[in-house]
Amino acid sequence: MSEQQDLFTAVANMWKGFRVTFRQMRKPRVTTQYPKEFREKPQRFHGRHVLNRYDDGMEKCIGCELCAGVCPAKCIYVRGADNPIDDPVSPGERYGYVYEINMLRCIFCALCVEACPTEAITMTHLFEMSTTNRQDAIYTKDELLVQPDGTPNHMFDEDHLADFGELAAADGWMRATSPQGRADFSGVPGWTPSAGVGLRPAEQGQSGTEPEGEDA
Amino acid sequence: MVTITIDGTEVQVPAGELLIKAAEDSGTYIPRFCWHRRMNPVGMCRMCLVEVEGPRGIMLTPSCTMPVNDGMVVHTKSPTVEKAQEGVLEFLLLNHPLDCPVCDKGGECPLQDQTLSHGPGESRMVEEKRHYEKPIPISDLVLLDRERCILCARCVRFSEEISGDPLIEFMDRGNAAEVNTFPDEPFASYFSGNTVQICPVGALTASAYRFRARPWDLREVASVNPLTTTGDGVTVQASQNEVLRFLGVDNDATNHGWLDDRSRFGFEWIASPDRLATPLAKSGDGHTEVSWGEALGAAAENLSAVIEAHGPGAVAAIGGARGTNEDAYALASFMRSSVGSPNLDARLDDGLGTHLLSSLAGKGEIGDLETARTVLVWAADLKEEHPVLYLRVRRAAQELGATLITVHPTATGLADRATHTVTYRPGEGHDLLDRLRAGSGDLADVRAALDEGPVVAIVGRTGLAEDPALAEAVTAFARDLPQASVLPVVRRANTYGAIDMGVAPDLLPGRVAAGGDAGHTGWEKADTSVGLDTRGILEAAADGRVKALLLVGADPLRDVPDADLAARALDAVDVVISIDCFLTDSTAKADIVLPALGFTEKEGTVTNLEGRVMKVNRIVSGPGQARADWSIIDDLAARMGRPLGFESAEAISLAIAEHAPAYGGITWFLLDWKERDGVVAPRDGVEQPLQYIPTTSLRAVGSGGAKRGGFALHLGRLLYDDAVLTRQGASIADLAPGAYAVLNPTDADRIGANGHVEVDGHRLPLRRDASLAEGTVAVPFNQPDGPPLGGSSHVDVAPGAGA
Numbered sequence: 001m002s003e004q005q006d007l008f009t010a011v012a013n014m015w016k017g018f019r020v021t022f023r024q025m026r027k028p029r030v031t032t033q034y035p036k037e038f039r040e041k042p043q044r045f046h047g048r049h050v051l052n053r054y055d056d057g058m059e060k061c062i063g064c065e066l067c068a069g070v071c072p073a074k075c076i077y078v079r080g081a082d083n084p085i086d087d088p089v090s091p092g093e094r095y096g097y098v099y100e101i102n103m104l105r106c107i108f109c110a111l112c113v114e115a116c117p118t119e120a121i122t123m124t125h126l127f128e129m130s131t132t133n134r135q136d137a138i139y140t141k142d143e144l145l146v147q148p149d150g151t152p153n154h155m156f157d158e159d160h161l162a163d164f165g166e167l168a169a170a171d172g173w174m175r176a177t178s179p180q181g182r183a184d185f186s187g188v189p190g191w192t193p194s195a196g197v198g199l200r201p202a203e204q205g206q207s208g209t210e211p212e213g214e215d216a
Numbered sequence: 001m002v003t004i005t006i007d008g009t010e011v012q013v014p015a016g017e018l019l020i021k022a023a024e025d026s027g028t029y030i031p032r033f034c035w036h037r038r039m040n041p042v043g044m045c046r047m048c049l050v051e052v053e054g055p056r057g058i059m060l061t062p063s064c065t066m067p068v069n070d071g072m073v074v075h076t077k078s079p080t081v082e083k084a085q086e087g088v089l090e091f092l093l094l095n096h097p098l099d100c101p102v103c104d105k106g107g108e109c110p111l112q113d114q115t116l117s118h119g120p121g122e123s124r125m126v127e128e129k130r131h132y133e134k135p136i137p138i139s140d141l142v143l144l145d146r147e148r149c150i151l152c153a154r155c156v157r158f159s160e161e162i163s164g165d166p167l168i169e170f171m172d173r174g175n176a177a178e179v180n181t182f183p184d185e186p187f188a189s190y191f192s193g194n195t196v197q198i199c200p201v202g203a204l205t206a207s208a209y210r211f212r213a214r215p216w217d218l219r220e221v222a223s224v225n226p227l228t229t230t231g232d233g234v235t236v237q238a239s240q241n242e243v244l245r246f247l248g249v250d251n252d253a254t255n256h257g258w259l260d261d262r263s264r265f266g267f268e269w270i271a272s273p274d275r276l277a278t279p280l281a282k283s284g285d286g287h288t289e290v291s292w293g294e295a296l297g298a299a300a301e302n303l304s305a306v307i308e309a310h311g312p313g314a315v316a317a318i319g320g321a322r323g324t325n326e327d328a329y330a331l332a333s334f335m336r337s338s339v340g341s342p343n344l345d346a347r348l349d350d351g352l353g354t355h356l357l358s359s360l361a362g363k364g365e366i367g368d369l370e371t372a373r374t375v376l377v378w379a380a381d382l383k384e385e386h387p388v389l390y391l392r393v394r395r396a397a398q399e400l401g402a403t404l405i406t407v408h409p410t411a412t413g414l415a416d417r418a419t420h421t422v423t424y425r426p427g428e429g430h431d432l433l434d435r436l437r438a439g440s441g442d443l444a445d446v447r448a449a450l451d452e453g454p455v456v457a458i459v460g461r462t463g464l465a466e467d468p469a470l471a472e473a474v475t476a477f478a479r480d481l482p483q484a485s486v487l488p489v490v491r492r493a494n495t496y497g498a499i500d501m502g503v504a505p506d507l508l509p510g511r512v513a514a515g516g517d518a519g520h521t522g523w524e525k526a527d528t529s530v531g532l533d534t535r536g537i538l539e540a541a542a543d544g545r546v547k548a549l550l551l552v553g554a555d556p557l558r559d560v561p562d563a564d565l566a567a568r569a570l571d572a573v574d575v576v577i578s579i580d581c582f583l584t585d586s587t588a589k590a591d592i593v594l595p596a597l598g599f600t601e602k603e604g605t606v607t608n609l610e611g612r613v614m615k616v617n618r619i620v621s622g623p624g625q626a627r628a629d630w631s632i633i634d635d636l637a638a639r640m641g642r643p644l645g646f647e648s649a650e651a652i653s654l655a656i657a658e659h660a661p662a663y664g665g666i667t668w669f670l671l672d673w674k675e676r677d678g679v680v681a682p683r684d685g686v687e688q689p690l691q692y693i694p695t696t697s698l699r700a701v702g703s704g705g706a707k708r709g710g711f712a713l714h715l716g717r718l719l720y721d722d723a724v725l726t727r728q729g730a731s732i733a734d735l736a737p738g739a740y741a742v743l744n745p746t747d748a749d750r751i752g753a754n755g756h757v758e759v760d761g762h763r764l765p766l767r768r769d770a771s772l773a774e775g776t777v778a779v780p781f782n783q784p785d786g787p788p789l790g791g792s793s794h795v796d797v798a799p800g801a802g803a
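In order, the protein sequences belong to chains A and B.
Residue 90 in the working numbering is what sits at position 90 of the first sequence, and the numbering runs on without skipping anything.
Residue 301 in the working numbering is what sits at position 301 of the second sequence, and the numbering runs on without skipping anything.
Simulated from the structure, these hints should not be mistaken for laboratory data.
Ideal Cβ placement from N, Cα and C applies to all residues, glycine included.
Keep in mind that a hint or two might mislead.
Partial list, derived from the structure: chain B residues whose beta carbon lies under 7 Å from chain A [as the list claims (entries may be wrong)]: (1) 101; (2) 170; (3) 214.
Could you put the whole structure together from the sequences, leaning on the hints where they help?
Pasting the structure below:
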């Protein structure tokens, strides 16, 4: 094999290798400068939970423990209590007086969101949950319950790491199914208004049929 | 037996059985709401509709009201039946609020379950459902939510048929029909908790369990009610290491699934913040926390010093009835073998003779009530002291047609079902018995009824001022009645087990009389003579003959009728060592206090009033450093240089099976796996050494000391009193009515009493009861702020000042 042939082979192989590189150089970059920039997350991103409030500031959670019962990772601990009549916490007889989620155990499957009968627990786009000790990974009502105006609490609000523009996206439209899972209810909002968000429009296209005249 | 065909399968069922029961027993579950195994059928909910082939073709029939016939052909899963079930459920759900997420029944609700399995899936009801105020408290323990009620009448029927206090009823009609209590009359039944358990929806809920947990949080274990001697089967449910609920288990031999409210809601002491968690040693007026080593070392040193200086007889033990049989066996071994003293007693001077309680020849069983033709109750008011036995006696009289005779100083809770209610003045029981035996005068009818067997006699001390020998005489009389079975009853928890284990001055473990042959005990060196009973111990302590007192779950200052004697005794002794769950009045005087585990915190066996041995189980860990009684006693013995060598509660149970003759062959394995309802000791083929036969000639002088006044004292217990475990349960602590005095109206008028009376100088509110024997004053024992009256059998009664 001559030297010329060797050189040719080498250049050809270099071209083969760099071809991908050169092709990519002409395309737009996908790397975002997180945490300076935020990528837009998918609509149904399973981020951190929040506990919502009604328009009037009442807590939606009634402490029924269905979320804890359905949780496959057994990371939720709830205890209900009698709702004080003079100073009610939620509209019903019962409210959740202990609500804890161990974020180290949570697998972000959103079964709790599906189980919740009052849309009290939903998932947000918040995803920054690193802590320096295990105790901080257990979120209590202090962290989970939204402010009376509907703004979720965030552990890093001092550091401005979160995109607070996304915090408004913290409501029940994140649910994985249409309200009753049935075509008849497509287009009918199956949830109650939340503080800071109001009544969100129903999701479309869940059941494969578009809403008909009167529903739309 | 008849043959019927259910869904194409031929089965043999008892003739006359209800179809729903016959089907369930042969493996076909028919959905139902109103029908309950222990109550009469009513056919209200229509959920149990099945198709029965008859001469007029196939017809939908409620299976709960249809007795089986030979050759009956039944379809329980046909399309017609399924359509009927869907229709019934759609109707039942018309007004049901579906607030399952906030309902305590949610997750264990028959309506939920059957809607899922048999329901239509959706409702055509679009109108507004009816609304009521919710929930309304209908008693201190029960809440009523009328929206959820499906009108099955289980609670109504329970209070009419089973508990006999019909305080909850239907009102109004049609769409407005609702279940409720009578105006201004709370659902103040001793058995109200049962309606919560049998309610097939969340209409009746317990305030003690309100929103405490959901069913899927709960762990559960089968056990035995620790507060009564009837051996009621219970399921103990706990979450997060806290006991939250007791449910009655349908034990055929004992409680039929029922519990009284004190037992059902009386578990709250387990998690009381007042529980002792560390050993305490006396310092000055109070106690300081010390380590187990220090506490046991000091206790062993004190006991050894007393034994050395005054002999082993100067050490005495009171109590042991609050623990398991294993604890009691360890205590008996410790006292008789390690210490070498025969002075120990599980009774607190409120019981009957130990031989009568444990070793009566031919002792009856509770189940005998099912076949009895005549029931004689000459004991304390069963409703107050033995609530579940009360229900069984009530059933015998009301549902099974037995003739019921009650003998008591006053009319008892059974009065409305008793054929003969005989009252007598306390102290005159022996004369009454003589007259009854002769059948003289107005007792001729009673005597005639007693001659119709089978007879069940429930015998006990009618009151704490009553002579305990009377019960022996009554037993002797009752034993000779035709086909008689006699049940001697006392109230406190595991008294029978403790006595069977030898925590008695005149018995050795396994129903062997003390003072005789003791070869079986396996103790190398022991005093097996007859020692002092509780009264004897306290008197000896007050006289300075007993120098050291070991209290094992006993509070003599409150529990012994003669509180004055107990106080003198506790003040006089040199050393008091207490093993207890709480710092009670007596424990507060102890030099060393050792914290003990309670029920639900340890495994073991208990024995009920029939002699039935049952297993209790552990579900929560105890507070702090608390230990099981047997382990404390074992450690104490080892530190005194006289080890017992017990390694575990189960090892002790094997020792019991070996060394306690009447308990031969009764092991945990047997109770856990084969005899879940318990087994009556002795088992078949096992000899019981002591066969006690009481004689009628016994006629002791009343135990109650001096006759101080003109009125005979009737000192009975009420269900709710000021006992330590009741006091520590938040739900039931306030239910004790407080002290009062009852007089016959004739007597009250004679002395001119009105409003209040002075009983031996203690001012008490006066109640009038015409059924109380004349010349008698009745005062409930151990009520909050009650007077110490136990020291005498007769008292002075004067009209209260300022009445």
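Status of the hints after comparison with the structure:
no.: 1; hint: 101; result: 3 Å, holds
no.: 2; hint: 170; result: 24 Å, violated
no.: 3; hint: 214; result: 4 Å, holds
Consistency note: the structure conflicts with earlier hint 2 alone.
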